[in-house]
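A.B. asks: Sequence:
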Amino acid sequence: GTKEPPVPSVGQYLQAEIARRLAVLATCLKLECCISGAHSMDLVALEPFGEYISLPGLDCTFPGGYSSLPDRMLSALPEGILLLNKAVRTIQWRGSFHEEGEGARDFPVRVECEDGDAFLADHVIITVPLGFLKERHQHFFQPPLPERKAEAIRRLGFGTNNKIFLEFEQPFWEPQQQLLEAVWEDESPLKEPSTDLEANWFKKLIGFVVLQPPEQHGHVLCGFIAGKESEYMETLSDTEVLSTMTHVLRTLTGNPHLPAPRSVLRSQWHSDPYTRGSYSYVAVGSSGDDIDVLAQPLPEDPEDPRVILLFAGEATHRTFYSTTHGALLSGWREAERLNQLFEASSSTPQL
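Read in order, the letters of the sequence shown correspond to residues 773 to 1123 in our numbering.
No wet-lab data here; the hints were simulated from the structure. Do not rely on the hints blindly, as some may be mistaken.
Unchecked claim - Result set (DSS-like, lysine-lysine): computed pairs, CA atoms no more than 25 Å apart in a straight line:
no.	residue 1	residue 2
1	Lys935	Lys906
2	Lys935	Lys975
3	Lys906	Lys1000
4	Lys1000	Lys975
5	Lys906	Lys858
6	Lys935	Lys1000
7	Lys906	Lys963
8	Lys975	Lys963
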């Protein structure tokens, strides 16, 4: 028998095919939002976009989670040198603070903690996320940061990308499958996305990565979601996220009886008062120069040769911003800056 054509006309056929491809492109844009950590690619500046460099090679996953990296670094340091759960309230950085006791001297910095403890120092390296600086820099630094630095903090972009882990009793995917991508057929990058977060937040999800190997992790999918929808997801309960994800996977697989995940775990980078999002991007109205300005130590005063405030963190690395290796390299950069300073001062003959 002859096969029925899908639609009667060439025009209708082309419209359907174009719509299908636009839906795929809409998903590609959502993936870019996750990579940039931006709500929309309309917020990401075009000209500096090419300055970002992708590090070649595969992503490195630490078996014990990210904490194994700082643990490794700490293993070389003396015990008790790191204070945890010691939130800082203010950094007073252009003073002359007198130390009590024997051989007392003056320090330019006083770091005051939320619990009232204070520390005097010659140098402070700031590695807090840009999201925290955007929200708190006016009160966090006394005196406030110079206008040029404050401008860079305001102009650079900082957004949210979250992970949603779903654990299953049994996999419903193929053993070799690495990725489950979601495409919503009615979407197009040419259409304005829905602003009804409650009804549609889950459509911002780009899909799921299968965690390998299952012997180590069990049967786990990791979903990625960025932007305002991601921030809305953080306000929901685990139960709500789990049932919405079940609905999404039943829709994707076409199986209305697909068993629900047995547990859910998600990041909540935006709700965290010390991060307020995930990582930086170069926003429209900003440039890579702003990243360099953010990285500049203070004071920037030709009359004052001291290096009091130093800045590190992913948002201070011009080509590797938004990454862990960028953060790590920026920390090494500032440590090296202090090393050079100490070497220079120790080699000057004492009179």
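A.B. asks: With a cut-off of 25 Å on the C-alpha distance, tell me whether Lys906 and Lys1000 pass.
C.D. replies: 17 Å, holds
A.B. asks: Assess, step by step, whether the Cα of Lys935 is no farther than 25 Å from the Cα of Lys975, and give holds or violated.
C.D. replies: Given pair Lys935, Lys975 holds - Cα atoms ~14 Å apart, limit 25 Å.
A.B. asks: Need the status of pair Lys975, Lys963: alpha-carbon distance at most 25 Å?
C.D. replies: Within the cut-off at roughly 14 Å; holds.
A.B. asks: Given the proposed pairing of Lys906 with Lys858, does the C-alpha separation stay at or below 25 Å?
C.D. replies: 21 Å, holds
A.B. asks: Taking only the CA atoms, is the gap from Lys935 to Lys1000 under or equal to 25 Å?
C.D. replies: Holds: Lys935 and Lys1000 sit about 14 Å apart, inside 25 Å.
A.B. asks: Would the hint linking Lys935 and Lys906 be met if the CA-CA limit is 25 Å?
C.D. replies: Holds, at about 23 Å.
A.B. asks: Has the given pair, Lys1000 with Lys975, been kept, meaning a C-alpha gap of at most 25 Å?
C.D. replies: 12 Å, holds
A.B. asks: Tell me if the straight-line CA distance from Lys906 to Lys963 falls inside 25 Å.
C.D. replies: The given pair, whose Cα atoms are some 31 Å apart, is violated under the 25 Å limit.
Of the numbered hints given earlier, the model fails hint 7 alone.
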